[in-house]
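K.L.:
What follows is each chain in one-letter form.
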Amino acid sequence: MIGDRSFGLVCLEMALLLLAGPLVTGTIQKIKARLQCRTGADLLQPYRDLAKLFRKDSVQADTASGFFRSIPVLVLAATVTAGALVPVIRVGPPALPLGDAILLLGLLALARFLTAIGALDAGGAFGGMGASREMTIAPLVEPVLMMVVFSTAVAAGTTELGALAAHRGTEWLLAWRAADFLGFAAMLMLLPAETGRIPVDNPDTHLELTMLHEGMLLEHSGPGLGCMLLASHTRQMVTLALVSALFFPAGPAGTGAASLLLGVGTSAAKILVLAIFLALVESSYAKLRLFRVPQYLGIGFVCALVALALRIL
Amino acid sequence: MSADTVQSIIDDLGALLLFTMILIVAAGQIYRAIYAVAAQSLLIAIAGGVLAAATGNVDLWVIAAITLVVKATLLPWVLHWVVQRMNVRREIEPVIPIAGTLALSVLIVVVSFQVSASLGPVRQAITGNALPVGIALTLTGVLVMATRKTALTQMVGLFASENGIFFTAMAVSQGMPLIIEIGVILDVILAALVMTIMVLRVRSTVDADIADLDRLRG
Amino acid sequence: MTVGETLLWVLPLVPTVTAFAMLTTRDRRILSALDVGSSALLLALTLILAREVAASGPHALGVLRVDDLGLVFLVLLVILTFAVAIYTVGWLTQAVAVGNMQAKYLRSYFALVHLFVATMVVTILADNLGVLWIAMEGTTITSAVLIGYHGHHHGLEAAWKYIIVTTIGISFGLFGTVLIYAAAAATGVQGSAGTLSWSAMMPVASTLDPGIVRIGFIFVMIGYGTKAGLAPMHLWLPDAHSQAPTPVSALLSGVLIKCALLGIIRFQTIAAAACGAAFPTYVLLVFGLISVVVATPFILAQHDVKRLLGYHSVEHVGIVALGLGFGGPIGTYGALLHVVNHGVTKALAFFAAGKAIARYGSRDMRVIRGVLRVAPIGGTLLVLGALSLAGVPPFSIFISELMVLRAGIGLGHSVAIAIFLAMIVVIFAGLLHHAGGMAFGQPTAAASREPESWSPLVGMLLLAAIMVVLGLGIPASVDGLLRRATEIIVD
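Residue numbers (the numbering used here), protein chains in the order written: chain A, 1 to 313; chain B, 1001 to 1218; chain C, 2001 to 2491.
Worth flagging that the hints you see were computed from the coordinates, not collected in a lab.
Every residue gets a Cβ at the ideal spot worked out from N, C-alpha and C, and that includes glycine.
A portion of the hints provided could be inaccurate.
As the list claims (entries may be wrong) - Among chain C residues calculated to face chain B with C-beta under 10 Å, some are:
1. Ile-2215
2. Gln-2243
3. Val-2374
Build the full structure now, drawing on both the sequences and the hints.
P.N.:
Here you go:
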């Protein structure tokens, strides 16, 4: 489906997702710190961390193969490409056929797979453990994401995210059907899992008992680690953008610079709301034991399945 | 409000009801199940209010108010009180794993929608998706009662089951006659009271959960 | 207001007022006097009502209505209540003496029994299907407390199982009621006030949407079937019947499960009109056959005499369901007659078993031996009750079972009849084996040999007399009542 979101606009959106990613992470950290009565690090701290990492030299385990070095770049590339598929500033199908939600989920899964492969490749114990845990969770998360996307896609008759968002129109909340509530509930339950946060994962720790995603990054260093971290920031951003594209696709019409700015502003506001939600969840819940995670995700699974059933039946 | 608006609001509330039901099924701790069933009753009361505003039926206002006071506030409070007072085990002990119950509840939802989709003219008499949602809630409530070992969780299942019936009854055009609904609520209160007394009595005499006793066989 | 209409609201009021009056005293003699007096009054009023109905047809008052169908059950209820009241006088003396009942809690026991009776009266008289449900749930609540009355934890376990299982079941019943209400509301024939009224629904029942009535009837069948003790929803029944105090067991088995059957019959008539007679027939036959088959092995392997009687109730409810399912004038008449026969006989059996249990201090049939030697009259009644329950002529149950069989054969349900006959024969043998062991043989030394007290005997003799009379020949007044009730169902 060919629409009116120009190639330039898509590139701009992609760049926004990439560049604003660390800022969102910084914001979540800041809100968390405030909720815990700490001052917390500066909003820009993730940028400084990245800058420092990119200046450093890289060290590699003896057991790692040559492939290990290219992993961070591939992961980042897959994630950023996924970012091109989500509408951020304006809704509507893009001017050139890029791909749809299925490709987006595939790219995210590819990034996840590459991360796990890299962790195994290095041969460290923690990496292997993190990878195996991540791969336990992934088969639970991804089908649910699929089903949530499909439950909205069935109504719109397309899996292209821009067209899907446009189909919802501007009265998004009033037009919510029963299935949307359940799909949204499933999405909210998934969000912490997909962004590697409490109650599924803990981003702040390298304790062996609790970590999933962080464990896989242990063997990376220097620019490689920088790429991996940037990829996680972007992934989080893409996920948040996906949620708002699926459920709150409000955006201004028109092509002028003013409407462009307004579009950036509204999506920033939506993402800020979701970020606050994540920070609140992280501050108010404890991390689940690993074998309780499937049960937690099971709720999301059932919700998504029922949402899909409501659409089809 | 137009009929379409009412129908879509009832559908939305139905989806939220299903969500609370999923939370009840998935709850690992008794408190969560109690909060979820309270939220569910609150949604039922809202549904009653919406239908009352739409049809101008005063009886429905009364029913919504009673639901709010009794089922959304009083009964959950009593359950909460019993849990605190009696130091009962807070972990819910399922007979089959919770994942299994979740899978069964999905099956129930799908079958409910399938069955009520096969009915033709009656859908005019019942607003929106209230019929399949009601069937699903009722059956899932029974599922919770059948697959939990502790008495209080069984009571939560019972309340959820009654909620499903109430939802459907409200959505039948004009609602059930007021006197009947009040009688039904009165029965629910009395049953809850008797059950609570039994739970407390067994706990004070043999220090066990009443639902765990299994000496009578054959 | 005519006499009939006045009686409609007076009848439930009598046991209710009695219940509250009982709470004001602790004196056992006054309590017993109130018990017997109120039951006798109830019996007398019901007979007056029966004459009114025979003379001038059904009476209705608000949500209550009495017709010949309801009268069959009402008469059974008041006769059993009266017999139970007489039996209780002597039973109580003994129960208090051994400490099964505590003297200071007696008034609440009596009050609960009368509230239980009051809820059953409303169940029978209810015309509004919602009121029928409310009263039915009311019977659950009052009788659950009575079942756990002894307070030991077997009793409480049985009571919990009872209240949970029947409340689940009865929720299904309410859902079914709501669905049928929705079907009635969809026709828009009546005003909203009348749509739950059975008598208002019947004339338009054939216009109801068959799809929804079908689902509704299945829900109702499971719901009221749970309360009636139809397998596979009978799980509560043997526990509750065996743990309840004996007079309560007699009421549960004799009347309560019959009230649930009345509920089923009311919905059956609606379902038959809306979706053709074949559908309810099929459902009833399935549940009836399952009940008869499931009960059989438990009856054979049972050692606890009260559990034995409980499982036996499952079988007989199954027979009633079969009779209703076969349908036609003969099957329905047989089913209604069986309701009365089984109620009277089972109450007698519970009474006699209760006395034997008290004498031997055990419910185990391997311990209860030679009852005829230690208690000649009570033992004879026990044997008579067991023979009658097994279906030996000339007792009444033989007649009604024969009618059910006759209806089934006449309408060509050969498979059902084959299964039914096979089970009946097996149960016959099993029951005679159990009864023979209990009646004859050498009594153990532990058995009490004190003389039999008069009041339980009077209660039992009253029931035995009815049992024999109904077996030898049905009196014209009873026959007329049953015929008119059958016409209401068969139409």
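K.L.:
With reference to the structure, classify each hint as holding or not holding.
P.N.:
Checked hints:
1. Ile-2215: 7 Å, holds
2. Gln-2243: Given a least distance of 7 Å, the restraint on Gln-2243(C) holds.
3. Val-2374: 27 Å, violated
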